[in-house]
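When you get a sec, could you build the whole thing from the sequences and use the hints?
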Amino acid sequence: MLTVDNISVRRGVSTTLQEVSFSLDPGRTLAVVGESGAGKSTLINAILGLVQCSVGSVSWNGAPVSQCRPALVMQEPRAAFNPRLSLRRSVMEPVVAQNLAVGSDRLATLCRALEVQPDLLDRRPDQVSIGQAQRMGILRALIAAPPLVLFDEPLSALDAVTQKHTARLIADMQEQEGFAALIVTHDLGYAAAFADEIAVLRAGRIEEIATAQSFVEAPQTEYGRMLRDAAFALGALERVA
Amino acid sequence: MIVVFAGLLLRAVVVLTGAALATFALLWHAPGDPALAIAEARYGQNVSKEVLDFIRVEAGFEDGFWTAFWAWLAPLMQGDFGQSSVNGRDVWPDLVTAMSYTFPLALVSLALGLAVSLPLALIATRRPGSWLDRGAVALASIGVAIPAFWLGLLLILLFAVQLGWLPAMGAETTTHSILPAMTLGFGVAASLTRIIRSGILEARGQPFLPAFTRRGVARRDIARDHVAPHAAVPVVTVLGLELAFLLEGLVVVEVIFARPGLGSFLVNAIFARDFPRVQAVVLLAAVIFVVVNLAIDLIYRSLDPRVSGRDA
Amino acid sequence: MTLHVRGLSAERSGQIILHPTNVDFKPGERVGLVGASGSGKSTLGHELVDALRTQGASVAHVPQSPDEALDPLRSMAFHWREAEKALGLALDNERREMLFNALRIEKGDLRKRPWGWSRGMQQRFVTAMALIGVPDLLVMDEPTSALDPVVAAGTMDLLEDYLKDRQTALLLITHDLGLAARRVSRLMVMEAGRIVEDAPTQQFLASPKTRAAKALCAHRNWLELPC
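Chains as they are written, first to last, in numbering that gives the first Met the number 0: chain X, 0 to 240; chain D, 0 to 311; chain R, 0 to 226.
To be clear, the hints were calculated from the coordinates, so they are not data collected in a lab. We treat Cβ as the ideally placed atom computed from N, Cα and C, and that holds for glycine. Be a bit skeptical, because a hint or two may be false.
[Unchecked claim] A short list of chain R residues far from chain X (calculated; beta carbon distances all over 10 Å):
| # | residue |
| --- | --- |
| 1 | P19 |
| 2 | E93 |
| 3 | R94 |
| 4 | M155 |
| 5 | R181 |
| 6 | R219 |
[As the list claims (entries may be wrong)] To be clear about the criterion: a stretch of chain D counts as covered by chain R if any three or more of its residues have a C-beta under 8 Å from a C-beta of chain R, and this derived list gives those stretches:
| # | region |
| --- | --- |
| 7 | 207-215 |
| 8 | 219-233 |
| 9 | 295-305 |
Written as structure tokens, this is what we have:
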């Protein structure tokens with residue numbers, strides 16, 4: 000279980016995160032929504048251990064979170080891969096880096112589940128479509144079977160139909176693998192449809208946190224209402240009256 | 000803003016001190032007996048040991064490196080450039096005379112180089128990848144590789160010896176500057192052509208240009224208001240480096256064309272181990288560098304203010 | 000005055016990106032052009048604007064991101080003046096104030112360069128610039144994808160308010176059917192460089208005919224609703 004305990008992140012004079020606390024169980028999905036600049040990326044970096052928390056701690060089952068080797072799926076699939084390496088090499092990197100013995104059937108199983116044609120793996124990132132590249136990003140995140148997977152705007156670079164399809168695949172993988180998922184997104188529709196809980200981040204603080212359903216039906220804060228109404232206005236959520 | 004300026008100024012002082020120190024050290028440790036070099040320059044013949052010892056004390060070589068350095072630096076901080084070790088004359092007036100020969104030549108060469116490279120780059124970029132473009136780039140690449148002394152001698156051979164159109168040596172009239180300016184200008188044109196060309200091509204590739212066309216802005220206005228300023232940024236930056244090339248080339252060219260100026264002033268001073276004169280030229284060059292780069296830095300920041308605010 | 004465009008097409012390195020296409024716009028009509036990435040919709044937008052300009056019609060294009068519309072070395076004031084001049088219009092501060100108010104950017108400092116404004120404000124500025132000449136058609140390419148949802152929704156609402164009683168037609172190009180369906184009266188679907196379906200919105204949503212249209216319809220918002 001991921002425990003984020005009252006973390007604050009300060010950079011120079013400004014505080015990017017303040018008193019952020021929540022927990023996340025395996026197999027569950029938490030969506031973190033908010034505007035740009037709210038601190039969503041900083042939160043991910045803090046959980047990954049890339050940024051020092053001036054206060055508080057992030058732990059997995061009591062131990063420092065880095066020990067569980069959390070994985071990350073990034074927003075821009077093509078920017079997330081070394082353009083000079085074949086996708087196969089990039090995808091297998093976590094396994095190599097952690098010195099794990101992972102059989103070739105794991106790769107084959109994941110390819111099937113994520114609808115990645117195996118021969119595409121020998122290509123370079125710019126030689127596959129953006130949807131395919133993003134699925135390979137997910138593949139790379141899952142290859143070493145981490146218990147916690149972070150997603151930073153995993154769907155924003157994709158078009159509407161591909162978004163829905165990829166979201167479905169992520170959910171299916173979570174059912175199969177049982178990882179805890181923290182998804183940072185500005186798409187409230189996606190959060191509502193696929194997350195168990197939604198946390199609203201605003202100026203470094205958690206404004207509210209609730210189950211997805213109750214948030215969409217009745218946000219507790221004015222800011223939450225504003226986010227939800229914007230999602231309606233953009234057609235991401237449909238009013239079921 | 001003031002903080003930025005102060006930082007740049009501090010950097011300038013460090014650069015100047017470093018240059019002065021490094022040159023002094025190199026000259027101090029140069030092979031051979033510096034007293035002997037001074038004696039040869041002064042008297043032109045072998046001298047007795049007593050004279051050499053006298054020179055050694057007079058020039059401060061007996062005092063040790065740091066004392067000698069300070070003996071030079073202290074008066075300098077009050078504006079005194081000292082006297083030549085060879086003929087005892089004040090360094091500063093002779094330096095100014097040398098500058099009066101060199102600076103006009105430098106400016107003319109720069110202007111010539113720009114006058115050639117700008118139209119050449121514009122012609123080349125009219126149709127990138129065409130024979131014209133590739134020819135221009137090839138010519139420019141060759142031009143950069145050609146050493147100034149080789150080109151200078153070649154031009155002398157052709158225009159002075161064979162054709163007899165232009166004088167080969169000296170600096171008496173303006174006609175005398177034509178061949179030296181051509182030699183230097185050629186190198187400047189070569190490197191500027193490539194920079195201007197790539198600056199224009201990159202400026203043309205900016206993502207927002209089609210939007211201006213769609214808005215109805217005339218092609219000429221787009222070129223003048225949105226391509227040229229962007230292209231100017233790398234060019235202005237490189238002009239600072241061009242100065243290095245120019246100063247180096249000037250030394251060579253002045254020797255080849257037997258012109259008085261900073262080049263010959265420096266070369267002769269080095270041969271004679273004339274410390275005060277050498278230091279003066281080096282300091283002058285360093286000051287020119289620092290001032291030009293400061294100016295370029297400020298121009299660059301005013302063209303593209305995104306650069307300001309972060310000084311690393 | 001209806002706008003007619005015939006024979007729009009485009010190809011790149013030998014491949015046809017846009018097959019010969021005809022489109023029409025009635026005055027004040029709101030049309031959506033929806034399709035997957037790579038379907039050619041942005042290309043159609045560009046070709047449409049270029050063709051209409053040659054025809055002499057008054058048309059404006061708002062690109063997906065402000066990076067594709069503004070020169071970072073020039074001030075916002077410069078951009079605005081230049082746009083007015085390009086349309087052959089005199090400097091008109093009242094018009095500028097009116098448009099700025101309509102798009103809620105009246106607080107923006109015109110002396111600043113683009114990066115001195117927030118992205119949302121930059122995008123609204125570009126939109127305002129597009130409206131200077133009261134165009135017959137305004138083409139917006141993915142107006143919401145580069146922005147935060149709150150800002151995006153705000154911008155779309157402001158634009159809708161402004162266009163409400165005007166004759167300017169709107170072409171909304173997007174990959175997101177959910178976004179388009181709420182704001183347009185007619186929907187066109189693109190696939191592989193062709194417009195494969197073109198119908199009034201209600202009719203489209205009630206019974207999409209082509210495969211591409213059905214896929215878009217089925218995935219138009221996150222909570223799956225029968226189409």
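Hints versus structure:
1. With a closest Cβ-Cβ approach of about 24 Å to chain X, R/P19 is found to remain outside the 10 Å limit, as its non-interface label requires.
2. With 10 Å as the threshold on Cβ separation, the claim that R/E93 sits away from chain X holds: the shortest Cβ distance comes to roughly 30 Å.
3. Here R/R94 stays apart from chain X, with its beta-carbon at least about 28 Å from theirs, past the 10 Å limit.
4. Not every Cβ of chain X is farther than 10 Å from the Cβ of R/M155; the closest lies at roughly 7 Å, contradicting the non-interface assignment.
5. Interface exclusion of R/R181 from chain X breaks down, the closest Cβ pair being 5 Å apart, not more than 10 Å.
6. Its closest Cβ contact with chain X, about 7 Å, brings R/R219 to no more than 10 Å, contrary to its assignment away from the interface.
7. Look at the region 207-215 of chain D against chain R: 7 of its residues bring a Cβ nearer than 8 Å to a Cβ of that chain, three or more, so the hint holds.
8. Here's how the region 219-233 of chain D fares: 5 of its residues keep a CB closer than 8 Å to some CB of chain R, so the rule of at least three is met and the hint holds.
9. Beta-carbon proximity to chain R at under 8 Å applies to 4 residues in the region 295-305 of chain D; the threshold of 3 is reached and the given coverage holds.
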